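Peer 1: As a plain string of letters, each chain reads:
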Amino acid sequence: MKKLSGAAWLQQPPGWLVLTYMLLLWQGATWLFKPTPFILPDPISIGRALIENPGMYLLNAYYTAANTLLGFGLSVVIGFSLALGIVYSRFLDATVYTALVAINSMPKVALAPLFVVWLGTGNMSKIAMAFLIAIFAIVIDAVLGLRSLDTDIVDLSRSMQGSPLKLLWKIRLPSALPSLFAGMKVAIGLSLVGALVGEFVSAQHGLGYVIMAAQGAFDTPRVFVAVLLLSLMGTLLFRMIEAVERRVIPWHVSQRGVRH
Amino acid sequence: MLGSHAAGPRAMIEAVENRPHVVIDNVSKIYSSPSGDVRALDDISLSIQHGAFVSLLGPSGCGKSTLLKLVAGLDVPTAGSLSIAGTAIHAPPAGLGMVFQRDILLDWRTVLGNVMLPIEMQNLDKIKNLDRAKRLLRLFGLGDFLDNHPWELSGGMRQRVAICRALVTEPSLLLMDEPFGALDALTREELNLELQDIWLRTRNTIIFVTHSIAEAILLSDQVCVMAARPGRIVETLRVDLPRPRALAVREESLFSAYIRRVRQIFENHGVFQHEKA
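In order, the protein sequences belong to chains D and W. Residue 39 in this note's numbering sits at position 39 of the first sequence; the count goes up by one each step and never skips. Just add 260 to wherever you are in the second sequence, counting from 1, and you've got this note's numbering.
By construction, these hints were calculated from the structure, which means they are not laboratory data. Note that the coordinates shown come from a computational prediction; the quantities given were computed from them, not determined experimentally. Treat the hints with caution; some may be incorrect.
As the list claims (entries may be wrong) - Computed beta-carbon distance windows for the label pairs:
#1 W:Thr462 to D:Ser163: 42 to 50 Å
#2 W:Arg510 to D:Arg239: 58 to 66 Å
#3 W:Pro319 to D:Thr95: 44 to 52 Å
#4 W:Gly441 to D:Thr98: 55 to 63 Å
#5 D:Ile103 to W:Ala442: 53 to 61 Å
#6 D:Ser105 to W:Phe532: 54 to 62 Å
#7 W:Gly355 to D:Ala102: 20 to 28 Å
#8 D:Leu165 to W:Leu453: 37 to 45 Å
#9 D:Leu165 to W:Ile387: 18 to 26 Å
#10 W:Asn408 to D:Leu40: 55 to 63 Å
Heads up, the beta-carbon is just placed ideally off N, CA and C, and yes, glycines get one too.
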């Protein structure tokens with residue numbers, strides 16, 4: 001490993017170092033100003049809250065993550081299928097696309113209570129929320145990717161006597177992948193928000209439920225444990241998509257400089 | 261038909277070879293736009309023999325690329341008809357290879373994968389054709405780059421890959437739309453010679469679009485000089501220089517005479533207006 005000079009550490013400090021500094025600063029500030037733990041707990045008592053009951057947090061994190069991933073997966077599959085339809089059919093472009101834009105322009109969180117009425121208080125209403133909030137990003141980026149095909153490439157494919165299906169499979173789909181991944185990276189974060197909002201409205205488990213229950217019990221350290229776990233989860237989910245992206249489109253301009 | 265039967269197979273082959281490969285018959289192409297109709301091509305007639313190297317030479321907007329698209333069956337004429345080996349063109353015909361100004365290689369495919377694309381698009385036998393793809397790439401000096409990706413190559417190498425991609429199906433007709441227009445002058449000269457070499461081996465029919473007078477004369481048997489507004493062929497020139505032609509042929513007086521001829525034609529049709537002033 002290359003030894004970093006002092007200047008390089010300042011210019012581009014590693015992530016763990018930045019996080020450690022932030023925690024130290026936080027801890028120091030709570031020692032100094034002594035806010036009531038109800039307002040702002042210190043990192044050590046938050047850590048203690050986590051260690052007291054790790055299994056409970058893990059189980060609830062699992063529910064939130066599972067609902068997020070299911071909603072996200074559905075939004076990718078259905079969103080990409082819709083995008084294909086929109087690109088190939090003028091009718092779907094005029095109808096589905098217009099409807100999607102209309103749906104997207106309303107604050108989808110406002111629908112969360114309705115989903116509970118329709119789908120119950122179980123996982124389904126959370127998955128539906130995670131799905132709905134993410135699908136727009138998928139459709140928009142997938143349509144962009146599928147449409148951004150060079151006219152020369154279309155001509156080339158036709159001159160090779162390639163069928164429209166071959167053009168789709170061998171040229172259009174691969175060239176749309178970078179856009180699709182851009183959409184997926186936005187969508188995965190949105191899905192987490194959707195699942196969490198679903199849990200806020202009504203739930204028996206999940207980190208959103210933990211937050212609501214802890215807040216009701218004035219147990220702010222537990223709220224913070226859940227919030228920190230959520231941000232960790234969000235980061236991991238995003239990194240997961242990035243890792244898949246690196247494997248699937250190593251040829252793309254955005255990936256060529258990436259060290260694996 | 262019966263008569264040629266009696267003359268034996270050799271005569272039959274010659275009869276086929278003497279029939280023109282590409283026939284363009286009174287073709288016009290008009291693009292309608294809100295500001296009025298644009299005559300991209302005006303009453304073009306041209307007959308191209310099997311195995312000929314023909315250039316379409318002219319300034320931008322003379323419709324040379326449009327004409328190439330019509331021959332490729334990628335667009336339809338407003339009036340007139342086109343045929344390849346006696347069959348009217350309605351869609352891209354079989355046995356066609358195309359090279360564009362931009363190489364449009366697929367970034368996710370290797371050099372070899374890009375050359376194999378037409379084979380896959382036409383559902384041809386991949387294993388049988390793999391050898392030909394490799395041989396072609398070796399012929400163009402790309403033998404060491406089979407597994408590289410397009411972005412790792414120089415512009416000249418990329419265009420060589422594009423040419424191999426067009427040749428891998430052994431097309432009888434090769435259409436090239438300013439294939440070397442984006443390359444630097446030295447690479448362009450190299451590729452001119454390589455193209456001549458491969459054409460002398462394969463003897464397929466080539467229609468070559470360019471706006472370089474010297475390039476057209478160096479490569480072609482026949483140069484169709486075109487002018488714009490409306491796009492038309494103003495004169496067709498035979499180039500009788502011995503093959504294979506080396507770059508040095510450009511210093512010969514006969515070559516300069518051809519250049520002067522073409523310049524004169526352009527001047528007569530108002531292409532070099534600024535030079536007259």
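Peer 1: Could you work out which of the previously given hints the structure breaks and list their numbers from low to high?
Peer 2: 1, 4, 5, 7
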